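**Q** Here is how the chains run, residue by residue.
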Amino acid sequence: MVFYHFGKYILMLKAVFRRPEKMSIYKNEVFREMVDIGLGSLGIISIISIFIGAVTTVQTAFQLTSDLIPKSIIGGITRDSTILELSPTICSLVLAGKVGSSIASQIGTMRVTEQIDALEIMGINAPGYLILPKLLGGVIMIPLLVIVAIALSITGGYLAGVASGAVTAAEFVQGLTTDFIPFTLVVAMVKALIFAFIITTVSAYQGFFTNGGAIEVGRSSTKAVVISCIAILISDYVIAQLLL
Amino acid sequence: MIEVKDIFKSFGDNEVLKGITADFKPGVTSLIIGSSGSGKTTLMKNMVGLHEPNSGKVMYDGRDFTQMNTQERIEIRKEIGMLFQGSALFDSMTVEKNIRFPLDMFTDQSRAEKLERVNFVLERVNLAGKNNLYPSELSGGMMKRVGIARAIAMRPKYLFCDEPNSGLDPKSSIMIDELLQEITEEYDITTVIVTHDMNSVMGIGEHILFLHQGEKWWEGSKDEITSTDNKELNEFVFATKLMETLLKKK
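Respectively, the protein sequence lines represent chains X and P.
If you count the first sequence from 1, position 122 lands on 123 in the working numbering, and the numbers rise without skipping.
If you count the second sequence from 1, position 60 lands on 241 in the working numbering, and the numbers rise without skipping.
Among these hints, one or two may not hold up.
Unchecked claim - Pulled a few chain P residues facing chain X out of the computed Cβ check, cut under 8 Å:
1) 189
2) 193
3) 258
4) 259
5) 263
6) 271
7) 286
8) 287
9) 401
10) 404
Worth flagging that the hints you see were computed from the coordinates, not collected in a lab.
For clarity, every value in this text was computed on a predicted model and none was experimentally measured.
Built from N, CA and C at the ideal position, the CB exists for glycine as well.
Please model the entire structure based on the sequences and the hints provided.
**A** So this is what it looks like as structure tokens:
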């Protein structure tokens, strides 16, 4: 069963990357999806990121009770855990819920109301027209959202650390700037790109092959979120193993 | 002309179409009728390529659609218009954008030329000036008419309609039937309509194909349908009180 769905998913991707009928229309759709996915998710990503950074700082400070460990290390731990794991992974899990369910239900509704059949009858490559703009919108905007998330997480960590008195501003900044490995940013971007691909294509697959009516659209949407989350966590581990 | 030759289609063990053969001529409104589950929608979906037949051929003016690759099918599909049961209008687009969509995709016409065509087909379906409404703002009958306008926007050679009267009141239903017949004759289109509405059958049934349990059970015209001694067809035709009453009066 897993191989059947995987094969169908690969065939769908093959159709997605077929040559577009008219580039200008696809271009407009990509911009629309970029706004939907990027600007539409900026609010929730910002709120989550600030609190992730704040909680990371406070909890790291709580665990560092020894006087032998300099307080500046709190800044370093917040920076690395934010860049390597928390921002790309948690943001992507949240986006799997927000963007993924939206993609699955949108395409699923089009399927059950015969709008996809209408596209195919017109001679339009339905997977390409419906999925490619979402895929491109996702792989462009989700890494940008992750960059914003990293910046806001570190800011949140700084504010929470200084406000709670767990670390001074100077110590936090010193921790941030000491022993920084730029490659961690590359890992974060690789993760963001792969997670974006998973969120958009897995959700689109679930929506595209919806059968039935409103209940099945809801089920597809739920399955899209669940499968995307599992796939994100598995690939998170694989990327970490391969790149670090 | 569309020729359907010995089409078989099954879903698992369920054999839905059992060797259907029929010709559909241009300028003639052909109706595929039959009770629910008789295979009429499946036949139409096989004809337009939404389903693949297990065996048999569908020929569009001598071109074998079933043997074509994706690109060749796309070329044929540019000549096809289809009205779906639920109209299948794109929710996110206005009436104008829905109709303009195939023109945007497949023609290099200027914006003014496309708008002229949109306005022409909207006028043709008696919806002039409704360009900026969204599908959610339209009644069932209006949605069907926008669906017809979108289907004829590209000047199709073949028009398929799946239950064009479903969910409509009798007056709107007659309006849609008359519109389809007028368009068929005016543009010499090969029109195939799937229906189980006897008003449509008696109104525009120039060529009727009656399916029963996946087989072609009867073929003829509206003038012949009430005088046939085909038991299953009679049961279908006279299932409504209205038809029974009309026949008694006759």
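**Q** Now, for every hint given, state plainly whether the structure supports it.
**A** Each hint, compared with the structure:
| no. | hint | verdict |
| --- | --- | --- |
| 1 | 189 | 22 Å, violated |
| 2 | 193 | 14 Å, violated |
| 3 | 258 | 4 Å, holds |
| 4 | 259 | 5 Å, holds |
| 5 | 263 | 5 Å, holds |
| 6 | 271 | 6 Å, holds |
| 7 | 286 | 5 Å, holds |
| 8 | 287 | 7 Å, holds |
| 9 | 401 | 29 Å, violated |
| 10 | 404 | 32 Å, violated |
Violated hints for the displayed structure, listed by number in ascending order: 1, 2, 9, 10.
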